[in-house]
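Novice: These are the residues of each chain, in order.
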Amino acid sequence: MSILLEANNISKNFADFQALSDVSIQVPKRSIFGLLGPNGAGKTTLIRIINQITMPDAGQVILDGEPLTPEHVQYIGYLPEERGLYKSMKVGEQALYLAQLKGLSYAQAKKRLNYWFEKFEIAHWWEKKIQELSKGMAQKIQFIVTVLHQPKLLIFDEPFSGFDPINANIIKDEILYLRDEGATVIFSTHRMESVEELCDHIALIHQSKKILEGKLNDIKRTHKTNTFEVGLSANDLVQLKSEIASRFKFSKADFRSLEDDLKLNIQLGAKDTPRDLLAFLNENAQINHFVEVIPNANDIFIQTVNNN
Amino acid sequence: MNHLPLIIKREFFAKVKNKSFIIMTFLSPIIIVGVLSLIAYLTSVNNDKVRTVSVLDPSDLLQKVLVSTDYTIYQNLEDMDLEDAKQLSSSNGSYGLLHVPNVELDKVSDQIKFYSKESPSLSFISSLESKIEKHLGELKLIQYGVDLSKIEAAKTYVDVNQESFEGVKTSKAGSFLKLLFGAVAGYLLFIFIIVYGNSIMRSVIEEKTSRIIEVIISSVKPIQLMLGKIFGTSLAGITQFAMWVVLCFVLSLVASFVFGVDLSAAQTSHQAEVVEAMSNPQVNSDFQELILEFHSLPMWNLVIAFVLFFIGGYLLYSSLYAAIGAAVDNETDTQQFMLPVIMPLMLAVYIGAFTVVEDPHGSISTLFSYIPFTSPVVMLMRIPFGVPLWEQILSLLILVLSFVITVWIAAKIYRVGILMHGKKPTYKELLKWLKY
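In order, the protein sequence lines correspond to chains A and B. Counting along the first sequence from 1, when you hit position 13 you're at -6 in our numbering, and nothing is skipped either side. With the second sequence counted from 1, adding 22 to any position gets you our numbering.
Hints are computed from structural coordinates only; laboratory data are not their basis. A quick note: this is a predicted structure, and the numbers were derived from the prediction, not measured. Check each hint, because a few of them may be wrong.
Said to hold, decoys possible - Covered stretches of chain B, going by a simulated chain A footprint (3 or more residues, C-beta under 8 Å):
(1) 31 to 40
(2) 235 to 247
As the list claims (entries may be wrong) - A partial selection of chain B residues facing chain A, derived with a Cβ cut-off under 10 Å:
(3) 228
(4) 229
(5) 232
(6) 352
(7) 438
(8) 441
(9) 451
(10) 454
(11) 455
What the hints assert, rightly or not - In silico DSS-like links for lysine-lysine, alpha-carbon gap of 25 Å or less:
(12) B:31 <-> A:91
(13) B:41 <-> A:116
(14) A:233 <-> A:196
(15) A:68 <-> B:129
All C-beta atoms, glycine included, are put in the ideal place defined by N, C-alpha and C.
Build out the structure end to end from the sequences listed, making use of the hints.
Specialist: What follows is the structure, given as structure tokens:
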């Protein structure tokens, strides 16, 4: 697995406030990389450093094997969290201007814009001014100008804010499509459900330090507590409960079921396997429900942040 | 990648296509020419009115002086007492009645009276007074046995011929012309900086409030964006200025053609007096002298210096305006930062208006023609009086150098400021930004 973007030991101070402290991340090619963290953790500063908007005090960013230079901006597409367009400029003119700033020629930009405007069925917006569009409509234009120059690296900071669910879905599909076409995506958010849906890698930044990084599945594996959610029925539930208590640690579980079950989260001991648990339960009760508890991104996020 | 031309183009067209810009460009000359034409028209209407003045002068003391002109007709009333004369004058619609009582020459000056329905115009009375004064004075001189022709012959007009040690001739008229040039150049720069500097500031604030700024500076360096803004807005400003000059010229031609109004009349309200004055040979030679002086001014030096100092001064100030725009969130917050920018500019204009006029090569004038924030205005006012080339070049070098430094500082504030939202920074914080 090759790496598209490497940030090595990045530190950044603003006067007496430390925004980033020795942060390193590695973003694999063609991945969707979730940059997570609470508000004020330093995500936006890191993203601005990658975009060469802010210079780091220490550390280095490497894009495709080369240290960043101003020429690299044409390989990066950036959709900032604080975004907007010139209100009194016409949509078409504005998109052409921004595309040319990213290094496209006028003709190229025009051709690609036509393609995207057709695709989103918004060709009739071309002569309109931004101030005549709704917020969601303007966001679509903003998305188009971000991806128009076909960058290797796309950086989205809270891309779904401002979109209604339907348009958010369109954008989500486009992000996945761009990844499949070969782009690498860095995706900064604190909305965990979109992380589950999109990201294959994540890094967690908290109080200016990176505290977690890796493949989402690997992280989930290391964070799982070998706990199983079970629903059991037996003649004597009280006795069943004490039998289980003698062998495993458990806590009450809560899920929907048809039967009036005994619902528990049972944690395996150090030497137990799921088969042991299943065999044990099978001997004492009827098993209606048996699922491994896999921590979701939200749990991992909260748990890791709290542990730090 | 150099995107400067692209940014300049956008900034220029964003300005030029703006509705209020277009309206102002075309409306201002129309308003200016319109108001001037109106004034000229009203003045000429006023001047065309013929005044009839009744004169009751039984001794015919002032008969020689009160000669009717196109605008004023003096009507002598014969053999009438004062009351009848008053009645007649008020009923026949004359402008007023001038009464010169038949008394000794020594006493008459206190007893001359002018009766009228409304108070007469100030200019009419003063011209009447000066005529009478002159005549009475001459009569008295004759009474004392003085030969008037000798007095006339003894009149001497002195105009000290001024010449510098290098042999360059100057004159009072020339000094006036120099002052005029300096004042116009300095004032033009002052207005230009304030109007278009503000326009740059607003355009930076607009980028901040519309939140497009981060998108743009992920593609170009902030300093490129800032310079692009300054150059683009300046070009739009120059375009507007040029349009104004051309439109004013064309419109005043049209106005004088259509309405038959002489716009130059707007400048003086007493056409008749001016025409009289122009026939005076003394004034005429002054006028010719003025034209000669105009040709003897160091024209090339003036024009080149004007262009260079104008550009230098404007760019220096506009980078400050850009930095202010970047530091704040909205126009109301700009107040506290505007003062330090406006102050040196005002200072320059005052020094130009008072010190340079008094002593163009004194130490204060010289000092402030080197300080970059005042030098464009002060130097432009000094140059017509003759400033050695090396002084001009030195001042210009200082100006360019400080422009580079100011842009560097402004760019730092700009770079940090454009990403700051929500809080009005203090001067202390601005200093901190320089270190980011």
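Novice: Need the list of violated hint numbers for this structure, in ascending order.
Specialist: 6, 14 and 15
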